[in-house]
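*Asks:* If you want the building blocks of each chain, they are given just below.
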Amino acid sequence: MNPLGVASIVTPGVDWLGVAPVALLALAAIGIVLQRSILRRASVAYPSALIVAAVGIILSAVALIAQWHRVQTDGSYTTLSKMVAVDGFSIFIGGVVLVATACSVLLASRYLDRERLDGPEYLALMLLSASGMLAMASANDLIAVFVALEIVSIPLYVLVAYDRRRSTSLEAGMKYFLLGAFASAVFLYGVALTYGATGSTGLVGIANYLSEVTLLERGTLLAGLVLMLVGLGFKVAAAPFHMWTPDVYQGAPTPVTAFMASATKAAAFAALIRILYTALGGSSSDWRPLLWVLAVLSLLVGSIGAVIQTDVKRMLAYSSINHAGFILIGVQAGTIKGVSSALTYLAIYAFLAVGSFAIVGVVAGRGDADSDLERFKGLSSRRTGLSWAFTLLLLAQAGVPLTAGFIAKFGVFSAAAGAGGTSYVLALIGMLTAAIAAFVYLRIAATMFTPAGEGDQVLASSKVDLGTGIVIWFSCALTIVIGVAPGFLLGLAERATLLFLR
Amino acid sequence: MIVTPTWYLVLAAALFSIGAVGMLVRRNVIVMFMCVELMLNAVNLTFVTFSKTLNDLSGQVAVFFVLVVAAAEVAIGLALIVAIFRRRHTGTTADDISELRG
Numbered sequence: 001m002n003p004l005g006v007a008s009i010v011t012p013g014v015d016w017l018g019v020a021p022v023a024l025l026a027l028a029a030i031g032i033v034l035q036r037s038i039l040r041r042a043s044v045a046y047p048s049a050l051i052v053a054a055v056g057i058i059l060s061a062v063a064l065i066a067q068w069h070r071v072q073t074d075g076s077y078t079t080l081s082k083m084v085a086v087d088g089f090s091i092f093i094g095g096v097v098l099v100a101t102a103c104s105v106l107l108a109s110r111y112l113d114r115e116r117l118d119g120p121e122y123l124a125l126m127l128l129s130a131s132g133m134l135a136m137a138s139a140n141d142l143i144a145v146f147v148a149l150e151i152v153s154i155p156l157y158v159l160v161a162y163d164r165r166r167s168t169s170l171e172a173g174m175k176y177f178l179l180g181a182f183a184s185a186v187f188l189y190g191v192a193l194t195y196g197a198t199g200s201t202g203l204v205g206i207a208n209y210l211s212e213v214t215l216l217e218r219g220t221l222l223a224g225l226v227l228m229l230v231g232l233g234f235k236v237a238a239a240p241f242h243m244w245t246p247d248v249y250q251g252a253p254t255p256v257t258a259f260m261a262s263a264t265k266a267a268a269f270a271a272l273i274r275i276l277y278t279a280l281g282g283s284s285s286d287w288r289p290l291l292w293v294l295a296v297l298s299l300l301v302g303s304i305g306a307v308i309q310t311d312v313k314r315m316l317a318y319s320s321i322n323h324a325g326f327i328l329i330g331v332q333a334g335t336i337k338g339v340s341s342a343l344t345y346l347a348i349y350a351f352l353a354v355g356s357f358a359i360v361g362v363v364a365g366r367g368d369a370d371s372d373l374e375r376f377k378g379l380s381s382r383r384t385g386l387s388w389a390f391t392l393l394l395l396a397q398a399g400v401p402l403t404a405g406f407i408a409k410f411g412v413f414s415a416a417a418g419a420g421g422t423s424y425v426l427a428l429i430g431m432l433t434a435a436i437a438a439f440v441y442l443r444i445a446a447t448m449f450t451p452a453g454e455g456d457q458v459l460a461s462s463k464v465d466l467g468t469g470i471v472i473w474f475s476c477a478l479t480i481v482i483g484v485a486p487g488f489l490l491g492l493a494e495r496a497t498l499l500f501l502r
Numbered sequence: 503m504i505v506t507p508t509w510y511l512v513l514a515a516a517l518f519s520i521g522a523v524g525m526l527v528r529r530n531v532i533v534m535f536m537c538v539e540l541m542l543n544a545v546n547l548t549f550v551t552f553s554k555t556l557n558d559l560s561g562q563v564a565v566f567f568v569l570v571v572a573a574a575e576v577a578i579g580l581a582l583i584v585a586i587f588r589r590r591h592t593g594t595t596a597d598d599i600s601e602l603r604g
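Note that the protein sequences, when read in sequence, are chains A and B.
For the first sequence, the tail end lands on 502 under our numbering, and the numbers increase by one without skipping.
For the second sequence, the tail end lands on 604 under our numbering, and the numbers increase by one without skipping.
Honestly, the hints are just simulated from the structure, not real lab data.
Don't take each hint at face value.
Stretch-level coverage of chain A by chain B, calculated; a stretch enters the list once three of its residues show a Cβ under 8 angstroms from a Cβ in chain B [unchecked claim]:
| hint | stretch |
| --- | --- |
| 1 | 146–152 |
| 2 | 429–435 |
| 3 | 487–493 |
Chain A regions said to be covered by chain B (calculated; three or more residues, Cβ under 8 angstroms) [said to hold, decoys possible]:
| hint | stretch |
| --- | --- |
| 4 | 156–163 |
| 5 | 174–182 |
| 6 | 186–194 |
| 7 | 345–357 |
What you are looking at is a predicted structure, and each value in this text was computed from that prediction instead of being measured.
For every residue, glycine included, the Cβ atom is placed at its ideal position computed from N, Cα and C.
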């Protein structure tokens, strides 16, 4: 008791290593904003902002590696009064997010100059969003998940609309904002109902309550579960909550699209998996059928929707919905193997998406003017290397053996087969849609190798700058290395899942 | 007549539904935006009611987080609307903003 007669407040202990990756990224973002206000000249401010961003990402990665070593020896733990979980799962997703962020920053490095956009603010927003993603991967409380979700989303709304002079970018930003805010509200109502049904917002608290008490009326909890699934379904771009995806992916600046497809998807899936497996792990018979339906719809909508598109960015957006369906196959299996296959898929899809959008960004040229399929006609004669790289990435997305995509798809299928029953049917539907999606990928590849005819306009594509070149080489190299020798990644994902805090 | 917590929950559910339906039906961007705010406040009411019935403070704490997030969303949302309006000089209904389709 202090003199005022008020009981002193016990503040929660902080494990600084546990929050370091998030904090360092956020600090780097704040640092960029600060140095921007001091260094007025763009020619100085932008390179120094790039350096700050690189330092932030590297330090954050170092902190993640330190966490990984600590978790290996001491086991998983929570900090900040159980709000933040530090376990293999959060570190794995954090690693995927950081790699995707680094790639997106590399893609943006010359892109922003080319489009005459403000550089430092862009980097600050991207780092803030990435820090939210890391927070989301380790959020162990529904309120923490919500706050992290908003830290991810709010900078993304701005990033999507970043090219203010281009009306399609603004339109995409507006659409993403309205639907994203709607999805957040729906998710939050689900959180409130879950809290009402169980008396706790902590994931572990919910799980403990549900294991001890038999609920007399399950309606509130089920409504909460469904609403949370709807909200997160929007964020991972799963059908039937995918309507925004093609428009936003097409309208957003290409580096932002790459960032959204890779990092945002991984973070949103991390939150989804953690809520379902930690908090509602005991009632998996409730959510497995729901995920089953989401998975089937995403698989079908993603593959069939891609067929009727003529714009490559939109095709890749639909393929991203299709991939969300494949990841859901792994998640709905409800097993350890399911989680590790979903993690593997997320990691592999992250660099496939980044690489593919990097190439589309180069071909579409200044102002993201035109990513129509026509523009890819005869690309092989103009840009042989680029078209082969794109072909490789597309084949990997289709799941051709000896590429990383095959490892990813094989993982979720075998997890589904292991779970048996209805999952088996889901795996069959997945294979069917993989065949439909393969048609789309091959169509893009075939267009690139078709010589441009007399009447076709051949528009100059941009040069491949250093950053973009590194990203394309990196994703192509990983595609082949993981396709041939997947042991390392699979082992990492398995280890991460075993250290999944429940 | 005793006002039970159920009344508040039903009121919150009604407000949330009005917001959700308004979001789907109305075409004016600012009105759609207000509908989202209505939904968030309905959630706040739900949180406070549960917090009271459960005799647990974390629900009320959650409301503060929601308020802050809603404020940040307002800032971004209005900025986007202003940017679009400056760029287009036309109406800001959802039907005006529809270049991207396919």
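*Asks:* A separate judgement is required for each hint: does it hold in the structure or not?
*Replies:* Hints, verified against the model:
{"no.": "1", "hint": "146–152", "verdict": "holds (count 3)"}
{"no.": "2", "hint": "429–435", "verdict": "violated (count 0)"}
{"no.": "3", "hint": "487–493", "verdict": "violated (count 0)"}
{"no.": "4", "hint": "156–163", "verdict": "holds (count 3)"}
{"no.": "5", "hint": "174–182", "verdict": "holds (count 6)"}
{"no.": "6", "hint": "186–194", "verdict": "holds (count 6)"}
{"no.": "7", "hint": "345–357", "verdict": "violated (count 0)"}
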